[in-house]
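Build the complex: two chains, separate frames, hints provided.
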Amino acid sequence: MPPTGTERPRLAVWKFASCDGCQLTLLDCEDELLALTDRVEIAYFPEASSRMLDGPYDLSLVEGSITTAEEAERIQDVRRQSKQLITIGACASAGGIQALRNFADIESFKRTVYAQPDTIESLATSTPIASQVPVDFELRGCPINKSQLLYVLNQALFGQRPTLPTHSLCGECKRAGVTCVMVAGGTPCLGPVTQAGCGALCPRHNRGCYGCFGPSETANTQALSPHLERLGMDPPALVRIYRTFNAAAPQFQAESQAHERD
Amino acid sequence: MESLQRIDLVGFGSLLAQLQAEGYTLIGPRLEAGTIDYGAIEGPDDLPIGWRDEQSPGRYRTLPRNDRAHFGFNATPASFKTRLHRSEETVLEVQRGEQGELRFVPVIPAVKKQAWIGARSCELAALAIQDRVLKDSADPDPRYAARREGVFIVAVHCGQAGGTCFCTSMNAGPKAEGGFDLALTEILDGPEHHFVVETGSDAGAALLERIPHSQPTAADLRRAADAIEHARATMGRHLDTDGLKTALYAQAQHPGWEEVADRCLACGNCTAACPTCFCSSYEDQVELDGANARRTRHWDSCFNADFTHLAGGPVRASTPARYRQWLTHKLASWHDQFGTSGCVGCGRCITWCPVGIDITAEASRIRQANGEPPK
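From first to last, the protein sequence lines stand for chains A and B. Residues 1 to 262, numbered by the working numbering, are exactly what the first sequence covers, in order. Residues 1 to 375, numbered by the working numbering, are exactly what the second sequence covers, in order.
Hints are not guaranteed to be accurate.
Said to hold, decoys possible - Label pairs and their in silico Cβ distance ranges:
id: 1; chain 1: A; residue 1: D118; chain 2: B; residue 2: G313; range: 19 to 25 Å
id: 2; chain 1: B; residue 1: R61; chain 2: A; residue 2: D118; range: 54 to 60 Å
id: 3; chain 1: B; residue 1: A33; chain 2: A; residue 2: P162; range: 16 to 22 Å
id: 4; chain 1: B; residue 1: G100; chain 2: A; residue 2: I120; range: 39 to 45 Å
id: 5; chain 1: A; residue 1: S147; chain 2: B; residue 2: R232; range: 45 to 51 Å
id: 6; chain 1: B; residue 1: G313; chain 2: A; residue 2: R79; range: 38 to 44 Å
id: 7; chain 1: A; residue 1: L24; chain 2: B; residue 2: N171; range: 23 to 29 Å
id: 8; chain 1: B; residue 1: T90; chain 2: A; residue 2: E217; range: 23 to 29 Å
As the list claims (entries may be wrong) - Among the chain A residues that face chain B by a calculated CB cut under 8 Å, a handful are:
id: 9; residue: A35
id: 10; residue: F45
id: 11; residue: F137
id: 12; residue: T179
id: 13; residue: M182
id: 14; residue: E217
id: 15; residue: T218
To be clear, the hints were calculated from the coordinates, so they are not data collected in a lab. Predicted model, so just to flag it, every value in this text is computed and none were measured. Note that CB positions come from ideal geometry on N, CA and C, so glycine has one too.
Isolated chain B, as found in the complex (with noise of 0.2 Å):
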């Protein structure tokens, strides 16, 4: 408990303030067009001050607190994923030369320093399966490895919870327990307004260091302790996950999976919005002269049918079988291919799915179908 410091508002606009000193361009939540979003700030001001927002399948509104709270809002409508996985990037240039010789040039992004303001716990969970997969996998993406070199996170732990939040069932939150240089608890009672500060890093603490910071009071640690635990208590959903795989690979062929496909709009709002999903594309484009061309890459989506379209059609042609596959993927056989869950309770594919299909309900009701009830 050594490590908590904490700092009051000043201190944590000293932290902004250092780290820009230090080089980094700072992402962090921002009120824009009617949603809390992460996006370039340069200080405090910048922040959502005073906003939340609303969650529930298929519903997102911001609306005004009666608090000057920095960090009283749930998921994103974006997650980080979009900083390092990028939806669209060209990763090689091909050059035609003199002679009609090809040279082929890998466009690979130079290491930029940023910091990440106020990343939650399920985001941070959500990192470690994309770093797993395109970082620290046999076949890493050099793009976001680039990209990821240069994070730097001041993370928050959440002191509420969303409508459609269900990180406490994937053991993915609200209080974040590692992959942050700093992690803060916003502590907001009355007067009472400032942050106990946990060290994640050596570069957190020596950051640390350099801002203004106090011994937390015994009052201090106990409401801090108390916002995580009323964030914990007031989760909009619960998905029992307890032997949910056996269970999802026993109902491959569940009528349940035509019944949610008649639902489902196939639209990808789902894979878009989720924060572990990597799937990608890659498309080659000449320019008209015929001298250059480029190879991209794009996100794409388990839900489109030229997604896995080989000769003689796609793998998967139904809505139905698509639907299958991503929630399958995502709960159960992402296990078997990665070593943990692909889901990390954000709930952003509840909330962004235009017609409010969630995953935690088509869980529990495919599973209680096979005569295992929900707990």
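Chain A extracted, bound-state conformation (with noise of 0.2 Å):
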């Protein structure tokens, strides 16, 4: 039987740059978070409670990127206190939306935004978790879905190895029966070249793919790109569909980087 009472592994949820989504999809947990803490000890977790315990931690999810040097240096310590490191989201897998400086120059933006620019300390890029330390699993997505959280949760708790899809979107609406909206609705979709794992939530709606979970194992933007072309995208848009919350994945960044050049 799993471990109960005192024996209880504990727990640790971190925000670095994020808007707090994927942790908010472990408190969405709701019908399954009492069973997910007989099993666990929440011993870190800001978002959720101001009991917040000390290291180590037997398992740690980790939200967000790494944008400043103090932050550079707090996952240092966060991977240090923890014997496993899961990161959650695209922001810690991929850089996030925020990566979107990594193609601009952040002083440009800084006085745009802020009255007082100096006072504002942030590093020129926006890097993803496994850029710092060592990560034992990434879970994608925009945010990450809560299947695979539970799944991913529950196969660390047992000391498996979580196997999740890294295959194309294409396999899920195809297994979910979702039509495909490329082929007979002339719909953008970056689905081909997308890791599967959102439930196909965009074309169930009738709608292209926009790349949530980030690359797929065999992403083939550059056979994709054409075919968004015939479909009416112009470099541009293909610019912007390929850089949204996984702009730096290394896939993505080199298609959208090369209609850039267009």
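As structure tokens, this is what we get:
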């Protein structure tokens, strides 16, 4: 039987540069939360509780990307205190939407947004957690999928390596009987180059995929882009579609940059 | 020819009603969300009357016809495969008892009567292939077999072919040659609108006896033959299968595989749409409390890296290797493995490939490079 009572492994949830949506996915596990807290002690989760216990922790969930010098130091501390470190969400795995700064001049952003830009301390880039410390597993998505989160937590608590699909979203659409929006509707869709896992949310509602789960294992963006152009996307639109929540994922980054030069 | 009968539209309605009265759930074509696909129907009014489809590589549209044809369309997006070889299903439940002992309970669905209305010859050819692999093999799938047992088939011989159809090349149509209980040919000629019916089983013959029917006229039979001939003559694609297996085997190292992989998204749509692809993976999921677990099976694809992942990495590590595996399995090694082609020429892999890669063109191109130009 799984450990209970005082033997419970200790869970910590950390926030870096992010919107908190992925942490909220954990709180959103309403029906499963009690069963989960039977298995783990939530030792550090400021979003949920002001009771914050010191480390070390058996399992850390890390949300967000690294955008400041303080964050770059803090993630080292989190890693030191954590037996297992699992990142949650597109910010943590690919820099998030804040990685748009990677393609521009951060100083001009500061001057545009803030009255006193000199008071803002920010790195020039937004980078994934795995670029700073070793990561045991990256849970993709913007936001992450609740069932995938529970599965990954459960596997980690049972000491099993999680296996989640890394193939394209198309497999998920086809299994769910969702008609291909691109073939049947002529709607541009990133599904063929995006990792499955969201439950085909957008195609189910007759919309193209926005790539929230990042590139699939064999993302052939170079083959997809000319087809998206035939469906009506111009180069600026192509730059935008690859440059959203996973802008700094290498395959999407290279593809967006290729069309920026067009 | 004595077995051929004629039913009019009223008789067709009676046929569906009679099947329902005998406890069958009707599964037939419906116009829904911009496609004509199979789903539960209640009667003829649910059919896509007066609609057709237009199919080309990577493109599918539905359009109105200028008549009231009931079956005036071609291959549906999903095949009947989805009815028997489910895309996802639980195969085993594991329960932990009071003493901590584990009980392993296989999950096998009850036999349910379902009548397939409008199955085409390519579907039936695919069904025969799936039966061979999943039902009549040394290690049958009990879930497939249970669902298969309840199926009654009202086939429809094709009266037209689609832009990606090539069943004639694969010897799989456009006329269904067996594997049905009843087979209809829709006759639409000015005011004439009825069906010529062929019986394919005792159950089919018994059902036909219970609904109004008549002897077809010589003109009916001629029109029925013409309709099938029209389908045969309007195939959108062609594949020369003469010597194809040997030719493809000889081309394992051809640069053409790299070239197609440049265009291929490796998204697996072709395998999911294919009515004969059966590859699956299994997953075990333990509940949070650790008391119960279940094993699920879901469709997988030879285009997915994980599918052949063994210690050390995937067996087929690149898209060229995966595309070659898929095409040569369908058109060549399937013969060695199962005694038939793995392709029935339905054209779904061509239509539903987001970038329109055409198996007939790729196979021809690769064998052509062998110095054997297609006829």
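The hints, checked one at a time:
no.: 1; hint: D118(A) / G313(B): 19 to 25 Å; verdict: violated, 51 Å
no.: 2; hint: R61(B) / D118(A): 54 to 60 Å; verdict: holds, 58 Å
no.: 3; hint: A33(B) / P162(A): 16 to 22 Å; verdict: violated, 34 Å
no.: 4; hint: G100(B) / I120(A): 39 to 45 Å; verdict: violated, 58 Å
no.: 5; hint: S147(A) / R232(B): 45 to 51 Å; verdict: holds, 48 Å
no.: 6; hint: G313(B) / R79(A): 38 to 44 Å; verdict: violated, 28 Å
no.: 7; hint: L24(A) / N171(B): 23 to 29 Å; verdict: violated, 57 Å
no.: 8; hint: T90(B) / E217(A): 23 to 29 Å; verdict: holds, 26 Å
no.: 9; hint: A35; verdict: holds, 4 Å
no.: 10; hint: F45; verdict: violated, 17 Å
no.: 11; hint: F137; verdict: violated, 15 Å
no.: 12; hint: T179; verdict: holds, 5 Å
no.: 13; hint: M182; verdict: holds, 5 Å
no.: 14; hint: E217; verdict: holds, 5 Å
no.: 15; hint: T218; verdict: holds, 4 Å
Consistency note: the structure conflicts with the earlier hints numbered 1, 3, 4, 6, 7, 10, 11.
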